[in-house]
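Asks: Sequence:
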Amino acid sequence: MEDHPSYRLHRKQLWTQILLPILIAALVFIAVIITTSLATFRGNGDVNRWAAISTIWLILPILVVSVIVLILLIAMIYLMGRLTALIPPYSLQAQRIVYRIEDVVKHVAEMVRKPVHALQELATLVKMYIEKVRERM
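When we follow the working numbering, the leftmost residue of the sequence shown carries the number 1, and every step to the right adds one.
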């Protein structure tokens, strides 16, 4: 299994495409930390400078995530614009059919409601008539 060409290619890509970039990023991160520490604590160790650097380090992840979200949002807007051009013309016909069905359902619901309202009105009229008859007695 270890002699299979795809396995050898995977092992080669593991170093060049996965581990090497991670190691380079870690070394850059450590170099930035060392440079920041040397710049801050050299001389009198200015507290204001350290506070500014800390603020920058706290804001950097938020900025990175915000840029990623912005890129994703722009990509989604672009893709939605492209997709709307690809929608077949039959979708307009399907939308019209759905609207017709909606109108029929509303009309049927109104027809069902009318007798119920009429019976309720009749019941209130009967109650009012009975109350008037009781008052006269």
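I should point out that these hints are in silico values taken from the structure, not numbers from a laboratory.
Even glycine gets a Cβ: it sits at the ideal position worked out from N, Cα and C.
Treat the hints with care, as some may be off.
[Stated by the list, open to error] With a straight-line Cα cutoff of 25 Å, these simulated SDA-like cross-link-like pairs (lysine to any residue) come out:
{"#": "1", "residue 1": "Lys132", "residue 2": "Glu110"}
{"#": "2", "residue 1": "Lys106", "residue 2": "Gln93"}
{"#": "3", "residue 1": "Lys106", "residue 2": "Lys127"}
{"#": "4", "residue 1": "Lys114", "residue 2": "Leu92"}
{"#": "5", "residue 1": "Lys127", "residue 2": "Val104"}
{"#": "6", "residue 1": "Lys106", "residue 2": "Arg82"}
{"#": "7", "residue 1": "Lys132", "residue 2": "Ala118"}
{"#": "8", "residue 1": "Lys106", "residue 2": "Ala118"}
{"#": "9", "residue 1": "Lys132", "residue 2": "Leu122"}
{"#": "10", "residue 1": "Lys106", "residue 2": "Pro88"}
{"#": "11", "residue 1": "Lys12", "residue 2": "Ile33"}
{"#": "12", "residue 1": "Lys127", "residue 2": "Val108"}
{"#": "13", "residue 1": "Lys114", "residue 2": "Ala94"}
{"#": "14", "residue 1": "Lys106", "residue 2": "Leu92"}
{"#": "15", "residue 1": "Lys106", "residue 2": "Leu125"}
{"#": "16", "residue 1": "Lys106", "residue 2": "Ala94"}
{"#": "17", "residue 1": "Lys132", "residue 2": "Arg113"}
{"#": "18", "residue 1": "Lys127", "residue 2": "His117"}
{"#": "19", "residue 1": "Lys114", "residue 2": "Asp103"}
{"#": "20", "residue 1": "Lys127", "residue 2": "Val116"}
{"#": "21", "residue 1": "Lys114", "residue 2": "Glu102"}
{"#": "22", "residue 1": "Lys106", "residue 2": "Ser91"}
{"#": "23", "residue 1": "Lys12", "residue 2": "Leu23"}
{"#": "24", "residue 1": "Lys106", "residue 2": "Gln95"}
{"#": "25", "residue 1": "Lys114", "residue 2": "Val104"}
{"#": "26", "residue 1": "Lys114", "residue 2": "Met128"}
{"#": "27", "residue 1": "Lys12", "residue 2": "Thr35"}
{"#": "28", "residue 1": "Lys106", "residue 2": "Val116"}
{"#": "29", "residue 1": "Lys12", "residue 2": "Val32"}
{"#": "30", "residue 1": "Lys114", "residue 2": "Tyr129"}
{"#": "31", "residue 1": "Lys114", "residue 2": "Gln95"}
[Said to hold, decoys possible] The following label-pair restraints were derived from C-beta to C-beta distances:
{"#": "32", "residue 1": "Ala94", "residue 2": "Gln17", "range": "43 to 51 Å"}
{"#": "33", "residue 1": "Met76", "residue 2": "Lys106", "range": "31 to 39 Å"}
{"#": "34", "residue 1": "Tyr78", "residue 2": "Trp15", "range": "31 to 39 Å"}
{"#": "35", "residue 1": "Ile74", "residue 2": "Leu119", "range": "30 to 38 Å"}
{"#": "36", "residue 1": "Ile77", "residue 2": "Ser6", "range": "44 to 52 Å"}
{"#": "37", "residue 1": "Asp3", "residue 2": "Ile71", "range": "25 to 33 Å"}
Asks: Measure nothing beyond the straight line between the CA atoms of Lys114 and Leu92; if it is 25 Å or shorter, mark the hint as holding.
Replies: 33 Å, violated
Asks: Given the hinted pair Lys106 and Gln93, is their alpha-carbon gap at most 25 Å?
Replies: 20 Å, holds
Asks: Check whether the Cα positions of Lys132 and Leu122 lie no farther apart than 25 Å.
Replies: 15 Å, holds
Asks: Is it true that the CA of Lys127 sits at most 25 Å from the CA of Val104?
Replies: 35 Å, violated
Asks: Is Lys132 within 25 Å of Glu110, Cα to Cα?
Replies: The given pair, whose Cα atoms are some 33 Å apart, is violated under the 25 Å limit.
Asks: Would you check the hint for Lys114 and Gln95, treating anything up to 25 Å between C-alpha atoms as holding?
Replies: Distance of about 29 Å is beyond 25 Å: violated.
Asks: Taking only the CA atoms, is the gap from Lys12 to Thr35 under or equal to 25 Å?
Replies: 33 Å, violated
Asks: Mind checking the alpha carbons of Lys114 and Ala94 for me, to see if they're no more than 25 Å apart?
Replies: Not satisfied, since the Cα-Cα distance of roughly 30 Å exceeds 25 Å.
Asks: For the pair supplied as a hint, Lys106 and Val116, is the alpha-carbon distance within the 25 Å limit?
Replies: 16 Å, holds
Asks: Starting from Lys12, check that the Cα of Leu23 is at most 25 Å away, please.
Replies: Since the Cα atoms of Lys12 and Leu23 sit roughly 16 Å apart, the hinted pair holds (cutoff 25 Å).
Asks: Could you tell me whether the CB distance from Ile74 to Leu119 stays inside 30 to 38 Å?
Replies: 58 Å, violated
Asks: If you draw a straight line from the CA of Lys114 to the CA of Tyr129, is it 25 Å or shorter?
Replies: 22 Å, holds
In summary, the numbered hints that this structure violates are 1, 3, 4, 5, 6, 10, 11, 12, 13, 15, 17, 27, 29, 31, 35, 36 and 37.
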